[in-house]
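Build out the structure end to end from the sequences listed, making use of the hints.
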Amino acid sequence: MSPSNKNDQLDLGLRKFIKDLGYIAGGSVLLASTPWLQSCTPEKLEEIKGQKARIAFIGTGSRGVYHIHNLLNIPHAEIVALCDNYPPNLKTASDLCPKAKTYTDYKKMLESKDIDGVIISTPLNWHAPMVLDSLAAGKHTFCEKAMALTMDECKSIYDSYQKTNKVLYFGMQRLFDEKYIKALQMIHSGLIGDVVGMRCHWFRNNDWRRPVPSPELERKINWRLYKESSAGLMTELATHQLEVSNWAMKRIPDSVIGMGDIVFWKDGREVNDSISLTYHYKNNVKTTYETLISNKFNGMGEQVLGNKGTMELAKGQYFFEDAEPAPAILQLINQMESKAFSTVPIAGPSWVPEIATQHKPHYVIDGPISINPGISTTGVDKDGSDLLLSAFCQASITGEKAKNIVEECYCSTVLCLMGNQAIEQQKKIDFPEKYKIPYLNF
Amino acid sequence: MNHPYSNYYESSSLFHGSLLNIMGTRFDILFVIENKEIGEALWDNIQTELIRLDKLFNRFDIESEVSQINSSAFLSPYIVSSEMWDILLSCKKYHQQTYGLFDITLQNLNRVLLNIKDKSIIFVDKDLHIDFGGYAKGYAIDKIKNILIENNVQNSLVNFGNSSILALGKHPYGDCWSIGIENPYQKGEMLGEYKLKDEALSTSGNMPSNSKHLVNPFTGNFNEEKKMVSIITKDSTDAEVLSTSLMIAQIEKREEILHHFNTSKIFVYNL
Chain A
2 MSPSNKNDQL
12 DLGLRKFIKD
22 LGYIAGGSVL
32 LASTPWLQSC
42 TPEKLEEIKG
52 QKARIAFIGT
62 GSRGVYHIHN
72 LLNIPHAEIV
82 ALCDNYPPNL
92 KTASDLCPKA
102 KTYTDYKKML
112 ESKDIDGVII
122 STPLNWHAPM
132 VLDSLAAGKH
142 TFCEKAMALT
152 MDECKSIYDS
162 YQKTNKVLYF
172 GMQRLFDEKY
182 IKALQMIHSG
192 LIGDVVGMRC
202 HWFRNNDWRR
212 PVPSPELERK
222 INWRLYKESS
232 AGLMTELATH
242 QLEVSNWAMK
252 RIPDSVIGMG
262 DIVFWKDGRE
272 VNDSISLTYH
282 YKNNVKTTYE
292 TLISNKFNGM
302 GEQVLGNKGT
312 MELAKGQYFF
322 EDAEPAPAIL
332 QLINQMESKA
342 FSTVPIAGPS
352 WVPEIATQHK
362 PHYVIDGPIS
372 INPGISTTGV
382 DKDGSDLLLS
392 AFCQASITGE
402 KAKNIVEECY
412 CSTVLCLMGN
422 QAIEQQKKID
432 FPEKYKIPYL
442 NF
Chain B
10 MNHPYSNYYE
20 SSSLFHGSLL
30 NIMGTRFDIL
40 FVIENKEIGE
50 ALWDNIQTEL
60 IRLDKLFNRF
70 DIESEVSQIN
80 SSAFLSPYIV
90 SSEMWDILLS
100 CKKYHQQTYG
110 LFDITLQNLN
120 RVLLNIKDKS
130 IIFVDKDLHI
140 DFGGYAKGYA
150 IDKIKNILIE
160 NNVQNSLVNF
170 GNSSILALGK
180 HPYGDCWSIG
190 IENPYQKGEM
200 LGEYKLKDEA
210 LSTSGNMPSN
220 SKHLVNPFTG
230 NFNEEKKMVS
240 IITKDSTDAE
250 VLSTSLMIAQ
260 IEKREEILHH
270 FNTSKIFVYN
280 L
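Top to bottom, those sequences are chains A and B. Count the first sequence with the working numbering and you get residues 2 to 443, in order. Count the second sequence with the working numbering and you get residues 10 to 280, in order.
There may be inaccurate statements among the hints.
Computed list of lysine-lysine pairs in DSS-like fashion (alpha-carbon distance at most 30 Å, straight line) [what the hints assert, rightly or not]: (1) A/K156 - A/K251; (2) A/K309 - B/K152; (3) A/K109 - A/K53; (4) A/K251 - B/K45; (5) A/K340 - B/K154; (6) A/K109 - A/K251; (7) A/K435 - A/K251; (8) A/K109 - A/K221; (9) B/K45 - A/K283; (10) A/K287 - B/K204; (11) B/K45 - A/K309; (12) B/K101 - A/K340; (13) A/K429 - A/K251; (14) A/K108 - A/K287; (15) A/K361 - B/K274; (16) B/K274 - B/K101; (17) A/K183 - B/K45; (18) A/K287 - A/K316; (19) B/K64 - A/K309.
By construction, these hints were calculated from the structure, which means they are not laboratory data.
So this is what it looks like as structure tokens:
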């Protein structure tokens, strides 16, 4: 496939994605439930046709290179600069984009006038200084999740964002994943009744380590395992799932209790390899969060529990508690929910009852669904990451901020850090007044 | 157990009610209503009515009125309820209008005597029994339609086991209810679509899994043709009676039968 064909394809991908969500040009009724997509509609993309966002990367490790691969397929972006202080990673990235200027000092790179947007994929302790410096340098900024290592840093980022006119994105790719968007729309329309609980889990069976060429690089390469640079499994994995939990509940938890320990990987690491938390919402609905990296049987999942059914978000499947609505009737209901009208195939000779099969799955999306098994520590295809990046590049040209992304990331990161506090202090932690922001309700 | 299920969809003001096991099949209703509580109260009414009618018509339930008739009416008059009386009279009328093809005894309705004085029924032959299989769903839908209209529901779709459908008003985003019909012998093949507005649709036919359920009262044999008949009329009971009768009627008889009914559309599929 030639590069230009590839470009067309991704371009079509973004259009198709928004179209599949029921978006109708001019009448963005359905985007009301996904306001962060309002700034990257196909019409707005058409307006900037031919223009390219000049993108620079800070951090070209595994996640940075994953983003580079996605970005090379985005027609409205070009990679102009790369920065990393670990030479092998910088070389890998430079080989992928030989025209880009290379830097080892990100501050030097930020001085360049030829950069529109900056993509940050660095250890968590670097997020706050780099995001703040990048915004201060007048760059549109994309940073990987979680937002930052401490609540104070998160608050500084949030406050700076209120003052800046620059775009700020975080790597909350579930917001751009079709199966999540559709499933959440279905939940909010009442498909599974009242949301009465949620279970999130992420299980892997590996040591979460990267090979280290020489011992003095241990903390640099395996930054995820040490508290000076990482908040562990909470910020690396739970951020995504707590974000989805709040999305499903349409509110933010007011407290958390739980436990965490090092159960299996006693190799000198500082962060827990086993965590069990319960988040409490003011309406008394609870989200349980469980992660363990020495057993992978349960994989990754997010179940929204309703009094009429269960939505398995990561699988794009849902189940009804008792009676199963007939498929054609469901089709008709979904049609009306998306304000559409077409023929439903329900007529025929009399229906004869079958033996009821308990808990038969129904699917959120017709056709193949891309499911993230949760094993990769870098990223997977078609999980929304490519579309999120495309939207950021588009915003780096238009300068139009995306609604809710910063707020979603802020809330889920603070909740992750509260979870770690509950573990460390062995007590219930309430959402600190000091860090509450005017977003959603408690 | 009827396995009741219901849900209200706020954003489209849509109520969905379903009974999974009623009159031998499933029942689904969708109606547009402003408020969830009103919808639930109406759904309660509808369920009560369906359960009452099941009690009247279900010949597998020994306590139902039809079972009582079947076990008591041979050579001894059985006094029926006034609703059952009206039903029996209407079945007699349909029997005449269809030249004997619609027959609730599946043999010979003329061997069933009705006495208007005390509203009683007598079977003249020992092995007679009555079966409202080709009638009850249409009758029930007409009753549900009245409940909907009394409660000012303007737009509703009722699906009784796929074979009996009522389209009241229109789809909220269309100008009618558009109902597709699938070939029972070829899954996924659409044979046609009907644009319905304040109309009833009844379909009768055989399926690969169920080809012995339509009896020709004149021969006593099952009709096992790979055929399907759909009828669209204003009245659900008419549609029900016609789809069964025309499924077994000779081609030349169809026109004569239709002559007795108001503005019906007929679709015959040879599969």
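Against the structure, the hints:
This hinted pair checks out: A/K156 and A/K251 have alpha carbons roughly 21 Å apart, not beyond 30 Å. Restraint check for A/K309 and B/K152: the C-alpha separation of about 29 Å stays at or below 30 Å, so the hint holds. With a CA separation close to 23 Å, the supplied pair A/K109 and A/K53 stays within the 30 Å bound. Note on A/K251 and B/K45: the hinted pairing holds, with a Cα-Cα distance of about 21 Å set against a maximum of 30 Å.
A threshold of 30 Å between alpha carbons decides the hint, and for A/K340 with B/K154 the separation of about 25 Å falls inside it, so the pair holds. For the hint linking A/K109 to A/K251, the alpha-carbon distance of about 42 Å lies beyond 30 Å, and the restraint is violated. This hinted pair checks out: A/K435 and A/K251 have alpha carbons roughly 21 Å apart, not beyond 30 Å. With a C-alpha separation of about 21 Å, the suggested pairing of A/K109 with A/K221 holds against the 30 Å cut-off.
Between the alpha carbons of B/K45 and A/K283 the distance comes to roughly 24 Å, so the proposed pair stays at or under 30 Å and holds. Between A/K287 and B/K204 the CA atoms are separated by roughly 47 Å; this puts the pair beyond 30 Å, and the hint is violated. The suggested pairing of B/K45 with A/K309 holds, with an alpha-carbon distance near 16 Å, which does not exceed 30 Å. Proposed proximity of B/K101 and A/K340 is contradicted: the alpha carbons are some 46 Å apart, above 30 Å.
The straight-line distance between the Cα atoms of A/K429 and A/K251 is roughly 22 Å, inside the 30 Å bound, and the hint therefore holds. About 43 Å separates the Cα atoms of A/K108 and A/K287, which puts this hinted pair outside 30 Å; it is violated. Straight-line distance between C-alpha atoms of A/K361 and B/K274 comes to about 38 Å, which puts the hinted pair past the 30 Å bound. For the hint pairing B/K274 with B/K101, the CA-to-CA distance comes to about 23 Å; that is within 30 Å, so the pair holds.
For a cut-off of 30 Å, the pair hint linking A/K183 to B/K45 stands: about 23 Å separates their Cα positions. Only pairs whose Cα atoms come within 30 Å are accepted, and A/K287 paired with A/K316 is accepted, the gap being roughly 21 Å. With a C-alpha separation of about 28 Å, the suggested pair B/K64 and A/K309 falls inside the 30 Å cut-off, and the hint holds.
Violated hints, listed in ascending order, are 6, 10, 12, 14 and 15; each of the other numbered hints is respected by the structure.
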